[in-house]
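*Asks:* Here is what each chain is made of, one letter per residue.
Number of protein chains: 2
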Amino acid sequence: MSGTLYGVGVGPGDPELITLKAARLIGAAEVVAYPAPDSGESFARSIAADLIPEAAVEVPIVIPMRVARFPAQEVYARASEEIGGHLAAGRDVVVLCEGDPFFYGSFMYLFDRLAGAHPVEVVPGVTSLAACAAVARRPLVARAEMLSVLPATMEDGARRARRGQGHAAAIMKVGRHLGRVRAAGEAAGALDRAVYVRHATLPQQEVMPLSDAPDAAPYFSMVLVPGNDPYAAS
Amino acid sequence: MSGTLYGVGVGPGDPELITLKAARLIGAAEVVAYPAPDSGESFARSIAADLIPEAAVEVPIVIPMRVARFPAQEVYARASEEIGGHLAAGRDVVVLCEGDPFFYGSFMYLFDRLAGAHPVEVVPGVTSLAACAAVARRPLVARAEMLSVLPATMEDGARRARRGQGHAAAIMKVGRHLGRVRAAGEAAGALDRAVYVRHATLPQQEVMPLSDAPDAAPYFSMVLVPGNDPYAAS
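Respectively, the protein sequence lines represent chains A and D.
Position one of the first sequence corresponds to residue 1 (the working numbering), numbered consecutively onward.
Position one of the second sequence corresponds to residue 1 (the working numbering), numbered consecutively onward.
Hint data in this document are derived by calculation from the structure and do not stem from the laboratory.
Keep in mind that the hints are not guaranteed to be accurate.
What the simulated footprint calls covered on chain D by chain A, stretch by stretch (three residues with Cβ under 8 Å from a Cβ of chain A suffice, anywhere in the stretch; the number is not a length) [claimed, not checked]:
| hint | segment |
| --- | --- |
| 1 | 20-32 |
| 2 | 98-112 |
| 3 | 143-149 |
Residues from chain A shown here face chain D by an in silico Cβ test under 8 Å; the list is partial [stated by the list, open to error]:
| hint | residue |
| --- | --- |
| 4 | MET1 |
| 5 | LYS21 |
| 6 | ASP100 |
| 7 | PHE102 |
| 8 | VAL122 |
| 9 | PRO124 |
| 10 | THR127 |
| 11 | ALA130 |
| 12 | ALA133 |
| 13 | ALA134 |
| 14 | LEU140 |
| 15 | ALA144 |
| 16 | LEU147 |
| 17 | SER148 |
| 18 | THR153 |
Quick reminder that beta carbons are idealized off the backbone N, C-alpha and C, glycines included.
This is chain A alone, in the form it adopts within the complex:
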């Protein structure tokens, strides 16, 4: 009988923002997999570190930084084979996912390859989006407002951001695109209400007006533009 593949959201960074269900599944895991950089610590693993049983088999999924799409897909193909082997042998596998598994996550690459042959359960987690709004103390979206979530890496991101004028927007994965995002915010007349957040809920967290943000931002940073609803700004 096949084991179950669990895609488990571990939240934005603070280990206390793991759900009770995720904590239970991680604490009982026989096999734990997680994305990892080619050097240094896995962020997803670091969030859940205190919960991983000592006896668990660990499967780091090593994604070389700045690789093109197809080599990355080879990495997931190989990881799916390894994880599929554990599942076929009847062992449950818990995949740790930063934030939420299906919100800009890499879990979908394993899901696509394994869900046909094995039972899969997805355990939603707290997204970086909710975390950033909480630490920025800005209600993100209210009542009849629309929210646009767009990655800064999107080629026409600036244009699309302008379209959402008056409504709330969140720009993800800001990184080296910060200058362009700030210019778009200025052009849209949203610079006064836009907030820059990095490393939300972690000890090194920082929140500042977008106008004060540095030009070089880490990958895990976000720009929030609360809506114009009188109740969407604090």
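Please build the complex by placing chain D on the supplied structure of chain A, with the hints as guidance.
*Replies:* Relative to the frame of chain A, chain D by itself:
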């Protein structure tokens, strides 16, 4: 010395989707407040019920169904006075929020009135959006895609939904607007990939293609339109 106001997300419905932090704060609460209908059970309270200490003072914030904006604001004004009294007396107050406090939540009405005078901490929670994607087994948004979140109550919701064609969309609070949402999905050519979810993560949860959804939907229901990215559809 003032107590602290905690706005605590309790997640989408499954009590196990409460975070460790929320569980700790609720379990230690002296005063617990939550939105409640004028008859029947509070949904937020029902999610956290097993964690609320017996000795806690409970403050239901009773919102009459279908009231206009200004009477509802009177309800929050009165609740803020009551909660402000507890805070001024040095008692912490935990406000239970369905999903996440700042994602279409009513917590912002208390936050606006009390954050100037008292310490406030917002604890993010799992949104209904993440929960619906998880139970529908549909990666919500991938890589360089945009996600539009829009309430079905938005007057020009159908038009805006069409604009997001090719990208992912989530239509919240579907309720009695389901027929209109389905027509908009059909007009946008998205009916084949749109999914209807109600009561996600609760025992009575249902997931079905939008084309099969009934005309009358409960308030806590959602339509997900995954993006066109080859990795955004399962």
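*Asks:* Hints the structure violates: just list their numbers, smallest first.
*Replies:* 4
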